[in-house]
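Number of protein chains: 2
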Amino acid sequence: MKPRATALARSQNSRRESAEPVGASAEPRAIAQELEADVGYVLRRAQLAVFADFTSGQRGPVSRPGQFAVLSLIGRHPGLSQAQLCEALDIKRANLVAVLDRFEALGLARREPSADDRRANRLYLTPSGERSLQAAREAQREHEARIAQLLGSAGRRELLALLQKLRELGKE
Amino acid sequence: MKPRATALARSQNSRRESAEPVGASAEPRAIAQELEADVGYVLRRAQLAVFADFTSGQRGPVSRPGQFAVLSLIGRHPGLSQAQLCEALDIKRANLVAVLDRFEALGLARREPSADDRRANRLYLTPSGERSLQAAREAQREHEARIAQLLGSAGRRELLALLQKLRELGKE
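Protein chains in written order, with the working numbering: chain A, 1 to 172; chain B, 1 to 172.
If we strip away everything but chain A, and leave its shape as in the complex, we get (with noise of 0.2 Å):
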């Protein structure tokens, strides 16, 4: 594997040697255009449009990937814990206290303390959080159409492949 990592090395390497200074009209792609080589980069760039495209399709209470992936996973799994929630999403539990405290003041959602664990709360969904979930599910589906008519279904399901295998990065 070494040789192949010194040859990328080298070209990325001959690629940034020199300064070029930019006139006030450049393009900000041109600007920018050392950076598309880069995966990080890319897969950010990548992201902000995906996101930016899921939120300008939903139409109810719910319109952010963060608020939807909460939603959803209450609804699929009634009883819930706070503490199941973070570490299934991988999130702060400040960052999903927020987002439960907008759900629960717009009746989506409530807390229940836990029978075996007062501490714990569980979490479940309300008929209208169960009705934005249907509809937020909805206009999701309809995202993710418009990605598989954008690369293909067979390209959407390379790059999610590709995209589970970058997620071991390390984790050796």
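Simulated from the structure, these hints should not be mistaken for lab results. Computed from a predicted structure; not experimentally measured. Among the clues, some could well be false.
As the list makes no split between identical chains, a pair holds if one copy fits it or if it spans any two.
In silico SDA-like links for lysine to any residue, alpha-carbon gap of 25 Å or less [unchecked claim]:
| hint | residue 1 | residue 2 |
| --- | --- | --- |
| 1 | 165 | 42 |
| 2 | 92 | 52 |
| 3 | 92 | 112 |
| 4 | 171 | 87 |
| 5 | 165 | 102 |
| 6 | 171 | 29 |
| 7 | 171 | 90 |
| 8 | 171 | 138 |
Here the structure of chain A is known, so what remains is to put chain B in place on it, guided by the hints.
Just chain B now, with coordinates in the frame of chain A:
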């Protein structure tokens, strides 16, 4: 294209129909299982893994991908304005200002009023900023090599192509 989108919607629909209460000992990944087919969710998890790997490989004052992008573009295009940098990276002015304040405090970059437009600042690296950029690039190349090792170089190229396509979402 319509039939494919509908078939996708139907398969996701059945996947999500039923509620599955989980016990206190359920695996986090099993709880979030239904989200693993959503491009946005998997993309976000992969992006966080890639950013964490990037940061873990950096040893100098520039440890986060956003900081690296800013340092990198100033180094490549000396005299770039703040407005150009914001537009090229699609970041908010306030976020860029925070990064530049930090770079100035660390002696890595300086702002100079532009000769043609006194309200605009032009950006330059200091010699110490140049050295930090070289070190950060070296660590960044090792990070990209780890990605190439995980996906294979063909897989890495394929991923970049699919992500670039995804950025077209919502642009028509």
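Results of checking the hints against the structure:
no. : hint       : result
1   : 165 to 42  : both (17 Å within a copy, 10 Å between copies)
2   : 92 to 52   : both (22 Å within a copy, 16 Å between copies)
3   : 92 to 112  : within (20 Å within a copy, 40 Å between copies)
4   : 171 to 87  : within (17 Å within a copy, 35 Å between copies)
5   : 165 to 102 : neither (34 Å within a copy, 35 Å between copies)
6   : 171 to 29  : between (34 Å within a copy, 15 Å between copies)
7   : 171 to 90  : within (15 Å within a copy, 31 Å between copies)
8   : 171 to 138 : between (35 Å within a copy, 22 Å between copies)
When the structure is compared with the earlier hints, a violation turns up for hint 5 alone.
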